[in-house]
Amino acid sequence: MTPVRLLDRPRPDGRALGRGAGTTAGGRGGRWQLVLLLFAALLPARPGLAQSPDQQFLAALGELREASFPDKAAIVDRLSRDNHPSVRPVLTAFLEDRLYTRLSDQKIFLAKSGDDTLTSLELIDPVTLQDAGAGAPNDLTKISTNNGLRRVLRTAIARFALSSPDSSVRLDAVKEMMRAIDEPSLALLRERIGVETDPAVKAEIETGLALAALDGGDPQSRLEAIAALAHRRRAEVRNRLAVLFEPSPDGSFAESDPAVRSAAAAAVRTIDQARAFYSGVETLFFGLSLGSVLVLVAIGLAITFGVMGVINMAHGELMMLGAYTTYVVQLAMPKHIEASILVAIPAAFLVAGVAGVILERTIIRFLYGRPLETLLATFGVSLMLQQLVRSVFSANNRSVETPAWMSGTLQVNEVLSITFNRLYIVVFTVMVFVILQLVLKRTRLGLDIRAVSQNRAMARAMGIRSEWVDAMTFGLGSGIAGVAGVALSQLTNVGPNLGQAYIIDSFMVVVFGGVGNLWGTLIGGMSMGVVNKLLEPYAGAVLAKILVLVALILFIQRRPRGLFPQTGRAAESAS
Amino acid sequence: MKLKQGLGAAALLAAAWAASTVLSAQATIKVGVLHSLSGTMAISETTLKDTVLMLIEEQNKKGGLLGKKLEAVVVDPASDWPLFAEKARGLLEKDKVAVTFGCWTSVSRKSVLPVFEKDNGLLFYPVQYEGEESSKNVIYTGAAPNQQAIPAVDYLMKEVAVKRWVLEGTDYVYPRTTNKILEAYLKSKGVADADISINYTPFGHSDWQTRVAAIKRFGAAGKKTAVVSTINGDANVPFYKELGNQKVSAEDIPVVAFSVGEEELSGVDTKPLVGHLAAWNYFMSDKAPVNKTFIDKWHAYIKNPKRTTNDPMEAHYIGFNLWVKAVEKAGTTDVDKVLAAIVGLEVPNLTGGMAKMLPNHHITKPVFIGEVRADGQFNTVWKTAALVPGDAWSDFLPGSKDIDANWVTLKCGNYNTKTKTCSGQNYK
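Chains A and B supply the protein sequences, listed in that same order. In this text, residue positions in the first sequence follow my numbering: the first is 1, and each later residue adds one. In this text, residue positions in the second sequence follow my numbering: the first is 1001, and each later residue adds one.
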């Protein structure tokens, strides 16, 4: 975060060359002066005064070819002051990595696409912005950017976006300009606020102007600026206000007026309180989102382990199959990444569900009532499944793309933002839970499952095909694991080890919540997530995990059957 | 009669078989390859196994070494640290290999170290590591901290003007030692305690919400902030995804990583990573002609034009050529004679320079800083002016400042210049 620059700082000489000297925050004065001197020496030597605007523009562009990154920033700054109509498209292309030098004649071109893997690139002339034919990638060198330069480019382009008809573009532009406020951008902002209609953009501009007013000479106007800023919550504002009243190492204050200082201190206190509150809300959300991941990975196990009593060590690998299904679905529909996740959910349910049914029919059904052998056999199956995906997809992780609608954040206010992918996973977990409850409580299959799990002999006597129900129950639990895999593919690596990372957690949740109880899994998983996240800022991630585990062991000592123990005849016959 | 003939034929066959085994035993030099082909490390190590096999094949096409063919002995330590030691013993005592290329992670190296020292073997270790070690029997072709971590911090400090530092690592020996060195280095440059935040997360950590939010808060203090990441392997993807989701861009808070290379990026959606940094001694995108030749050879060998090359592969390339040159100079594969011959030798690296073998069993390397591009390659934004000699014992740790390693003059990898004594790792 670049600090908002003070306006009364003396400008370096060579003002025409401009702001570039200030945009890469401080500390390299000597080098900059050298660059400026170089330009100063070059300027009169060039026949520049007699050039047409097009020629001047091209000459400036041409300098980009050989320039170092700081030099490029200076050139960009100079270009952004040029009134040439091509400045905006050229700078935008530069930011998007679409600016090339043609090796054969050293001319600069814009490309329509920055994709180097294309066999030929469609070129655009930088001055006329007309098509300039196609070029081969090995005849073109990209003019590269780095982080610092991209920042400068963004700020430069933001000035053009200020008059965009789209209010969100304007908002972004103002935010971008506020990272490094200087006199020209202030003038633009002052001009804009008179005609701005969108309240959010207007508030943003007012904040920017108030920050600038803190440097004004009149204490009264500074007090007014503080009053305007006191209800903003952003870190930049807080830091700028804190500078006013925090003494520097030699005991002096940046702000001379004590009244202004105490007003700033009071404003910072209000801001800090609000920030602390929202950071608490944020931690709570983190806990819920971690909890919902735990519930999602455990809920399939709650059926196979909880309801059927099968210790399935291959549960994690069924999730892995779900994640790989997502990858395959994305491969199959590369043009529709946005929809691929929605297709992947039923596909993963089917793939993992069928795998589960096969597993139950071929191995597990011979081992009912022998938990140790089931454990060993399914552990073997988990190793086989891992090696299977290693052979098919290689040991390397696969890249699953995140659809655009799942990335980004929901900005609740200036302080609190919630990431979309986590929000969707919380919602998704609740949906899976509700659907599962409905299946178990409202369908014929659910009735059969409950009947068989409570009293197998009686259920068989009533004409229920208990073997078929076993296979379906296991398939249902496995299918849910596959669906969890789709969600995990958006959070973590899709690789052969995906399952191992979650198997312990999922057993922990089921045991904690109470074997055989879906509500227990939901509440157990959520509370483990929240406790973990509450501890993490204080204890660190490693210790938080250990503390949760120790607490869990102690809890199980006192209540061996978990949060919500099964009661009644079924529990007695099971134990 | 018939029986006799049959017997005769059998005897002939047996003799021919015996002769051929004797011949082939004489005609090959065995090269051990000790890389995991299964388990968690298989992702990275399988590539290195293929690299060594390719180099051996190429050398054999040139007529082998000392008139003999090279023969690879590939074993699979399965990402299991004790198994590394067992397999190493097998290579040295049963197969009697002349040299071994292998290991990844310091744990695996520490596990095989006593075996190589006891049996006087020769190991080329190709991965960047935390330093604080110099064995007579190991050649370290990966970067020591002063060839990766320190230059990266220098770049951020000088070129990006970073004032606040988050040292984020996985909880094991390499990040802990590296961060200790970096912390001492930053403090020696006048960075205040309050401007350094050090954090560790477990292996395979996947829920980065809290950490990224904390980094965001730490970075919102009004000073330019950067993250130095020693996060290991699998935990990286969720980390970068979370950075992208919480909109921490490389322009605001750049992350420089020491274990994210081309190979790791090939399994990742790179969009949220663009602009983040990595420090290595080699990038696949390097324009040197020798690099292009190497990449073409690799693609032809592996029969897949999409495969990437990376820094540890270059380390094996350098190590293999150093060993070949040393064997040719010594005229034998005897470990002591090869070690005596190898110090001071120079072979080309893949970025257009030369790698020189130093007396402390490390090599000279250039250091590059690259920004991740959208295609999973790196855009070099900075490099050291000169080659950096690898320093086994860091100058920024109180205990190791006085330690020197020199296998030519001191014959010691752990020589205390104050007490004038040599301790450990010294099998004379």
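Derived from the structure by calculation, the hints contain no laboratory data. Be aware that one or more of the hints could be misleading.
Examples of chain B residues toward chain A, derived with CB under 8 Å [to be verified]:
{"id": "1", "residue": "1030"}
{"id": "2", "residue": "1171"}
{"id": "3", "residue": "1192"}
{"id": "4", "residue": "1197"}
{"id": "5", "residue": "1201"}
{"id": "6", "residue": "1238"}
{"id": "7", "residue": "1244"}
{"id": "8", "residue": "1268"}
{"id": "9", "residue": "1275"}
Treat the numbers as computed from the prediction; the structure is a model and nothing was measured. Backbone N, C-alpha and C define an ideal beta-carbon position, used for all residues, glycine too.
Hint by hint, here is what the structure shows:
1. 1030: violated, 26 Å
2. 1171: Status holds, d = 5 Å.
3. 1192: Hint violated; residue 1192(B) Cβ to chain A Cβ min 11 Å, cut 8 Å.
4. 1197: violated, 11 Å
5. 1201: Residue 1201(B) check passes; min Cβ-Cβ to chain A is 4 Å, inside 8 Å.
6. 1238: holds, 5 Å
7. 1244: holds, 7 Å
8. 1268: holds, 5 Å
9. 1275: holds, 5 Å
Violation of the numbered hints given earlier is confined to hints 1, 3, 4; the remaining hints are satisfied by the structure.
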